[in-house]
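Asks: The hints should help you fit chain Y onto chain Z, whose structure is shown.
Protein chains in written order, with the numbering used here: chain Z, 1 to 282; chain Y, 1001 to 1367.
No incorrect hints appear here.
In silico DSBU-like pairs for lysine-lysine, Cα to Cα no more than 35 Å straight-line: (1) Y:Lys1107 x Y:Lys1171; (2) Y:Lys1171 x Z:Lys176; (3) Y:Lys1119 x Y:Lys1171; (4) Y:Lys1107 x Z:Lys176; (5) Y:Lys1119 x Z:Lys176.
Calculated from the structure, these hints are not laboratory results.
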Amino acid sequence: MSRRPVRAGALGRSALVHLALGGYSLLVLCPILLVLLNSFKNRAGIFDDPLGLPTKATLSLAGYGKVLGDAAVGHMFVNSAIVTGVSLAAILLLGAMAAWALTEYGFFGNRLLALFLAFGIMVPIRLGSVAILQEMVALDLVNTLTALVLVYIAQGLPLAVMILSEFVGQVPQELKDAARCDGVGEYRIFFQVVLPLIRPAVATVAVFTMVPIWNDLWFPLILAPSEQTQTITLGVQQFVGQFATDWNAVLAALSLAVLPILVLYAVFSRQLIRGITAGAVK
Amino acid sequence: MARLELSNVSKSYGGSQVLHAIDLVVADGELVVLVGPSGCGKSTLLRMICGLEDITDGEMHIDGERVNDLPPAQRGIAMVFQSYALYPHMTVRANMAFGLKIHGADKAQRAARVLAAAKALHIDHLLDRRPRELSGGQRQRVAIGRAIVREPRLFLFDEPLSNLDAALRVKTRIELARLHRELAATMVYVTHDQVEAMTLGDRIVVMHEGRIQQAGTPLELYEHPANRFVASFIGSPTINLVPATTQACSAAGARLEVHAGCVVDVAVDGASLSPGQAVEIGIRPEHLRVADGNAPAASVRFGGEITLIEQLGESHLVYLRCADGLELVSRASGHTRLRVGDRIALEADPATLHVFDAGGAACARRR
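Chain Z extracted, bound-state conformation (with noise of 0.2 Å):
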C-alpha cells in the first residue's frame, strides 16, 4: 500500500472550496429558517425579537391553526401538487421522447427542431405573458388550471430536451443494435432499454424543473386567480393586506409550502446520488 502524502496546498484549497460552498448554504438557508422560526411565534414574537428563538412567552402556533383551519388552503396545496405534478410528469415524459427521436433518427428537420427547442432556453417565457394571455382568453382556459400546466410544459421542456439529449447520445449504439437484434420494438427500447438508464439525468431534470414551477407566482396570478385555482405560492398572497398583514399564517404558510418540494428533492436526491455512484464505480 502506497500513502499519499497529503499536500497542504491541496487541504489550504480543499478548505477554501468548503468555506465558499459553506458561507452560500448559510446564505440561502438563513431566509428559510427564518420564516421557519417566526412561523412558530406570536404576532409580538415576531416583530419585537425577529432574529431570536421562539421563547415560552412568544411560542404559538396560531399561525398553523389558522392555515391548517382555512379550508380553501388545503384547496391551494391541492391546486399547486396537480399543477407541478402533471406539469412534470409531462415534461419528463415528453422530454426524453424528444430527446430520444432528436439523438437517435436522422430526420428532415431534425436540426432546425433542435435548434427550436435551444431558443426556448434563451428567451424567458414572461415575455410573452400577454400573448399567452390572449391566447388563453382565446381557448377559454383562463382560471383552468390546464392553463398552468400548457404554459409550465412549455416552459419546461427546452431545458430537459437539452439536458436528456446529452444523456440520450451516451447510451451505447451496440446496446440499441442489440435490442433492435432482440426484437424490441423502438417504443420498448426507450422505456425499458434508454430510460432506465438515463435515470439519473431525468432525476436531475426532475429538480430543476419542479422549484420553479412550485414556486412560480407570475402566472397564476394572470392565468389562474380565481379562488378554485389558486396554487399555494399565489393563496398566501390573501393574508397579506393592504392595511393588516396576517404574518403568523403568511409565515406558516410559507414553511407548509416549502414541505411537499422538500419531499420530491429527498426522493429525486437519491436517485442523483445513485447515479453517480453507479457511473463512478462502473
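Replies: Okay, now just chain Y, sitting in the frame of chain Z:
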C-alpha cells in the same frame, strides 16, 4: 438452421461506396469468418446481414427468402457484439430472456431455455447477477447465451473476442468452436485477427477496400492466395515479397530471374505472363531455410547479414538484410546458434514459391 446468400450486395454512404458487389454464400451449418484490416467493410457487411444497415443495392436471401427489407428480428438472426451490449440494469437472466419475452414466449418456456443455455455455457450460477458484477469472459458468455436462447437461424459475431485478454481469448475461441459443432449453426464471424480466422473458420472471406479478395478454406487461402494482399494478410510473420523478372513463361511454368541473379523454374500457370515482365515472388518464412550446402542446385538463394533473431521457444525467427537492402524473415523450429551480424545464406525450394504479377494477382500454383 439456414443458408445465407448475398448476391451483388453493395453499400454507399452518400456518394462514397464502401462495399462493392459482394457475392457470398454461407452454407447451412457453416462458420464463415470475414477478415480484413480495419475499414475494409467487414463490420458494415455484418450489420447489413443483421439488418441494422440498409442494403443499398443487391439481394440478400436467407433460406431462399428475400430479407432485404425485413427488420433484424424478423430475419431470425442473433448478433453478439464486441462490447457485449448487455442491458446494464437487468440481471443475467433478464438479459437472456428479454428477446424471448418480446416474442411472447411464456414464462415456463423462457425459464427453461435460459437455464439450458446457461448450463451449456457454464453461467447458470450467475443468472441473478448484473452485468457489472461479471468479468469480461463471463459477460461474453452471457452475450452468447442471449443469442442462443433465441434459437436463431443465423448467428452473427462482431469481433466478440477482442475485448478479452490473450489467455481468455484462446480459451473462448476453443469454446466457440465447440459451440459451433454442438449447435451445428450457421455462423458469420467478423474479426481482424487472422489466428481467430484460421482456427475458427470452415471458410474464410478476406476483404479489402470493400471487396472480397478471396474466399476459401483456411489452408486454401494459405497455400493458394489469390493475390498479393491475401498472401500478406494471412500468415504470421508476413510472407516475404521479392522482386523478380520473367524470362520465359507458359501454362506449365515460369522461369524467373530473382533479384540476386539466380534463375529458377517455378511451377505456376504463367500463361498470363510475358517474358521480361516485372513480377514478385512470395516466400513464406517457414520455407526459407538457412543454406547448409545440401539443397538442390535449383533453389533460390539470398545471401546477407542477420539483423535480428527472435527466439520463440518452439521456433525462432531470423531477420536477414541482403546487400541490396532486401529484408527477409525466416522461421524454423527449435533454437538456433546463429547470432546477429552473422553472414549467412537463406534458400527456398522453388516448389514453395508464389508468383504475383504486376497487378498483384497470383499465378495459379500447380497442385
